[in-house]
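**Student:** Full structure from sequences and hints, please.
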Amino acid sequence: MAQLRQISIFAENKPGKIEKITKVLADGGINILAISISSSGDFGVIKFIVDKPDEAKDLLIKNGFTVSLNEVLAIELVDKPGDLHRVAVALLRCGINIENAHVFVVNERAQSYLIVEVEDVDEAKKKLANEELRFY
Amino acid sequence: MFWDEELETISQNKLKELQLKRLRDTIGRVYFNVPFYHKKFKEINIKPDDIKSVDDISKLPFTTRQDILDNYPTGLLAVSRDEMVRVHTSSGTTGKPKAIFFTKNDIDRAADLIARCLVMTGMRKNDVLQNMMTYGLFTGALVMHYGAEKVGILIVPAGPGNTERQILLMKDFKTTALHITPSYALYLAEYIKSKGIDPTKDLYLKRAYLGAEPYSEETRRKIEDIFGIDVYNSYGLSEMNGPGVAFECEYKEGMHTWEDNFVVEVIDPDTGEVLPDGQKGELVFTTLQREGMPLIRYRTRDISRIIPERCPCGRTHRRIERIFGRSDDMFIVKGVNIFPQQIENVLMSIKGVAMNYQIVLESLDNMIVRVEIAKDLFDGNVMHLVNLQNRITEELRKEILVKPKVELLEPGTLPVSEGKAKRVIDNRTL
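Residue numbers (my numbering), protein chains in the order written: chain A, 491 to 626; chain B, -13 to 416.
No lab work stands behind these hints, which were simulated from the structure alone. As the structure is a computational prediction, the values presented were derived from the model and not from experiment. Incorrect hints may have been included.
[As the list claims (entries may be wrong)] Below, computed lysine-lysine pairings styled on DSS-like, alpha-carbon distance capped at 25 angstroms: (1) K504/A with K82/B; (2) K25/B with K82/B; (3) K547/A with K337/B.
**Tutor:** Here is the structure:
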């Protein structure tokens, strides 16, 4: 399966930003699967997982947004106590440094992914090859 | 190559002789024909005959911007208004402008100095100059226009703005040189990049003349790199014809001041005392060739220094260093004098910063530097942005000794300038 990609949009911390972005996506018929925001106070980066990332990127750029499309690591989580810990242990054991993370629920709660932003996705995957982890 | 080899390479002694002759002539004319100067000279008991050497100029009173305003519009004319063929004004921030009048000969001499500058920087008859300055009351566009025409250069009098058309003109007429404001040059650079045009392949540019607003050395280099051209620093002000008072030669190490047309002095802005060559201070100019509106010891409020060493290009006219700052542009934060160019210098040297920026003065102690991030360097990582913000803050603090608040903005947020950029927004209520 293709590597999961995440769209990041630079945004000054001003009211109405998310409204504008989501309008562009809505008008373009893009389905948003997950959202997260990392903020520094004055500005932040809004991140989306969408069904059509390339199309979404083009649309946002055309509308004047500052956009980056990056590969992320998506590790499957099982809906039971202790599972996130299991994944965290694996990441630690393999020395993967997490730059940012959030959860992406795919199918009710039955299936979800831990979205992990790392410096180098391929290298992280190699390191994690022997762990019992399932990826998107 | 020279436009006027004899005068451009005149020996220092002969130049002094020529200056003295023209200075005495100018002083005679203002003493007898301009009541303002007559009164001023009388007050300190100076007669034209008291000027026996060029250095005696220091005995004469200064002319200030306020004097020009007070004598608006025609109070400083040395010949009849009927002899005037053109008036230019320089925008004042408050109320009336400064009016500068030119006789036919004055226009011709101003054009001649521009011709020297253009030929000195490599322009020839077969060159094409696209003049993107505003044609109108402002001296920049027209004075350059007349000078270029004198050399025989083909001029494309495009004026500023309408970037799409500018590019079309540059392509169709094979423009080799631009006369442009630095802020518009930066905008044009980004525009060209966004359209996928490679200026070194798709255009014919060789050089650009920047003017009308201050810019940093970093900006010059940036424009040179992006367009693959030479940019020559120059100095001018409406009160002294406009552009072409001083210009860089091929060596780009200081600007030759045309001393057969101007006496240049550097003074201590506080005491008015003349400073020795090499010391930094306020530039003061006296016109030596102007008929219509001669000005004696005009205080420019621009800070520079005289470079007395001979230039390898062979021209004997002394150079001045690029303007350190215009004292009008200077502002004070936490008691520290800051010039906008210092901030521009820092910003232009940092990767990840786009070319548009703004300085907002909030109070006596607070300033905000608003910068747009570079679109193509955004990687989605908020920490990288925080690092960039911290780096800009720290680099600025090192340069200006005051820690500004740095705001990172989305590209395209700040107003785009197609003429004179307004870089400093003053919100202080003092």
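**Student:** Look at each hint and say if it fits the structure.
**Tutor:** The hints, checked one at a time:
no.	hint	in the structure
1	K504/A with K82/B	violated (40 angstroms)
2	K25/B with K82/B	holds (24 angstroms)
3	K547/A with K337/B	holds (24 angstroms)
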